[in-house]
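Trainee: The chain contents come next:
Number of protein chains: 2
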Amino acid sequence: MEVKYDYDALAQDGRLTLPELPGLWKYLPLLPLQQEENIVSLGEGGTPLLRCQRMADIYGAQIEWYIKAEHLNPSGSFKDRPSSVGVSAAKEAGAEKVVIASSGNAAAATAAYSARAGMECVVFVPESTDPGKVIQAASYGATVIPVTGNYSHSYDMADLCAKRFGWPNITSTFLNPYTVEADKTVAYEIFEQLGGRFPDVVIIPIASGPLMIGAYKGFDELRHLGRVPAQQPLPAMVGVQSEQCMPITRAYLNGDAQVHCWDGTISTIAGGISDPLVGYENDGTLTLQTARASGGMMLCLTEGEIWQATQMVETKVGYYCEPTSATAIGAVSKLWNEGFLKKGATVVSVLTGHGFKYTGRRCNILQPISKVEQLEILLKKTQ
Amino acid sequence: MEVKYDYDALAQDGRLTLPELPGLWKYLPLLPLQQEENIVSLGEGGTPLLRCQRMADIYGAQIEWYIKAEHLNPSGSFKDRPSSVGVSAAKEAGAEKVVIASSGNAAAATAAYSARAGMECVVFVPESTDPGKVIQAASYGATVIPVTGNYSHSYDMADLCAKRFGWPNITSTFLNPYTVEADKTVAYEIFEQLGGRFPDVVIIPIASGPLMIGAYKGFDELRHLGRVPAQQPLPAMVGVQSEQCMPITRAYLNGDAQVHCWDGTISTIAGGISDPLVGYENDGTLTLQTARASGGMMLCLTEGEIWQATQMVETKVGYYCEPTSATAIGAVSKLWNEGFLKKGATVVSVLTGHGFKYTGRRCNILQPISKVEQLEILLKKTQ
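Residue numbers (our numbering), protein chains in the order written: chain V, 1 to 383; chain H, 1001 to 1383.
It is possible that some hints are incorrect.
Covered stretches of chain H, going by a simulated chain V footprint (3 or more residues, C-beta under 8 Å) [claimed, not checked]:
| hint | stretch |
| --- | --- |
| 1 | 1047-1055 |
| 2 | 1059-1067 |
| 3 | 1070-1081 |
| 4 | 1124-1137 |
| 5 | 1316-1324 |
| 6 | 1345-1356 |
Using C-beta positions, here's what the derived DEER-type ranges look like [stated by the list, open to error]:
| hint | chain 1 | residue 1 | chain 2 | residue 2 | range |
| --- | --- | --- | --- | --- | --- |
| 7 | V | E64 | H | N1337 | 52 to 60 Å |
| 8 | V | R51 | H | E1192 | 22 to 30 Å |
| 9 | V | E20 | H | Q1308 | 33 to 41 Å |
| 10 | H | T1265 | V | E192 | 48 to 56 Å |
| 11 | H | Q1231 | V | E96 | 17 to 25 Å |
| 12 | H | K1004 | V | K4 | 52 to 60 Å |
| 13 | H | G1060 | V | Y5 | 39 to 47 Å |
| 14 | H | D1057 | V | E192 | 31 to 39 Å |
| 15 | V | K4 | H | R1051 | 32 to 40 Å |
| 16 | V | S267 | H | D1220 | 51 to 59 Å |
| 17 | H | A1293 | V | P229 | 56 to 64 Å |
These aren't lab readings, by the way, just hints derived from the structure by calculation.
No residue lacks a Cβ here, since even glycine has one placed at the ideal position from N, Cα and C.
Based on the provided sequences and hints, a complete structural model is requested.
Mentor: Right, here's the structure in full:
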């Protein structure tokens, strides 16, 4: 299911943005909501596009590099866009309750927007979900239900409730068209923040990939709307996965037309993109097709590369982010060394989740340093 | 030490804001930085001002109520404003290293902006500081040094380093004038977000209180600059503390001219405002004077009231916040019932820290609900 617009009418209308509306809702004419009063907003969108030249220099990448800070959305992840639009649409449809399946970020986001809307929210999470993410979702007052097995089982439970009880299913895969519509706004913002031009490459951490599809549609719409010349190529969309769970990257590397689900045990610090796609492999295929059609690609990083990239963005940029996000940073080093990134290219890496989402697990990673050692470090530094 | 400006010249100049600059830096002409290239920004400021009418209705408070979402700043707290301005000033002064004492939020913020600036950062934290906050600060690459005893000991250590090694001390108390200057911008934003008017009351969680002093100065400057009529009264500034640590509120209630430090053990879920003010009681006195001069007041909440307010803002608004922040919410119920808030008054509550800052401790508060119970809740809800 996809939402279509009459771009010619919109282009003539001229008033594509309504600056008086909050966050991403200034793009209301390009979003699938009829009435302004149904907007459910917490101030999502309008995230910073931060130039990060020092990090490019460290990687030796001669590019113009930006970070799109989606981790700075209200609930701490890029999922606030689809949740804001999805819950608003549910409100417009007269729903009093929504359901969602999520392995983390989308659960918290949907719970937050449901609370804002005064709706009940039922969240199915895999039993293995990070406690911090469960606590966040529950804190908003959502009914959080752990489900045994992998994410696909939670996905099925949400689908079941949606069908049996008629609750809107906000699960942010291609199941819900509002997801892609909301994710478009990331592209609109990047275009505006670059002063009215497209980047050459956009790099996104990928689970099933709605954000890549949405962003690509956003750039395509800007061209339809005449914001850039009709012959202007769209940005190359690059997706990053973990070596531990890379169903889409595997298909890309094999030159397959179809994505197949990922079997085998998964152990990665990039939980947000740890999705075997069991039962909805076609979502992955759509993402694969987008990466190829855009002239982009799919790649993967090792656990070591992901953790190194996490420390890189935190210590050289000052953004605290979960390892999943950092895959969009680590990918740049690889893409530059492999010659995929051209000299002088404008590159945007999207950070999808805040470091807070991962703090709990860090306790096992960061070695607590004793006071004595700390003082030695201090004295060494002050010599 | 206080920074002064030639308001007449500024008012004539006209160009008070530079919209092309990021976050709070659009107010550069009113900030103590000479050169634009010394700006160290992560996109701080420009936080949402969210109308929260449903919560007002629940409290039965007939007011026009807004939340200023300072917890949505990049590192998760309002301390990003003073850290951005403080580190930028340190950069302009040619410093390569900064030092700070903090019980949490300011540590993470200063570590983040130091990383952004490529400066070393030394952070002294009380040994009892929440591990999550220590992990965040350390993740940015700062040298984090736990100090025994209460916050005052960490404060002394930072002071010592600043004097001995000449490092700029970013400790965000009145010790550092840039703090108050940065905090002014909260007032500018509230004024603009209300469509060019002052709120009647601004409610702020208070440790020593630089945010209250800064915001008050900001409103006062807007009047000096002719943005409001000269006879327009400034907002009443209300400060909130925990019953467990209320040195300033105690002085207010006793009608004292001076604030005295808080002795005795402190046990509160509002760690961000748990400051006994030992050794810098005068900072508290300045805050007390501001609350009185503005026609505002100081009050305190019990632990139960604070936790209830935390759940209120999370489940009725959709903002995940640390209990410290929620004191600005719970205060409204008290102030309305006591008749301090007039019918129809425009009230702004400032949320200072993100709920992520507190997730770790919630594990002990939230009772994990079994799957069976969850399913019962679900079924009850679906009848």
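Trainee: Hints the structure violates: just list their numbers, smallest first.
Mentor: Numbers 2, 11, in rising order.
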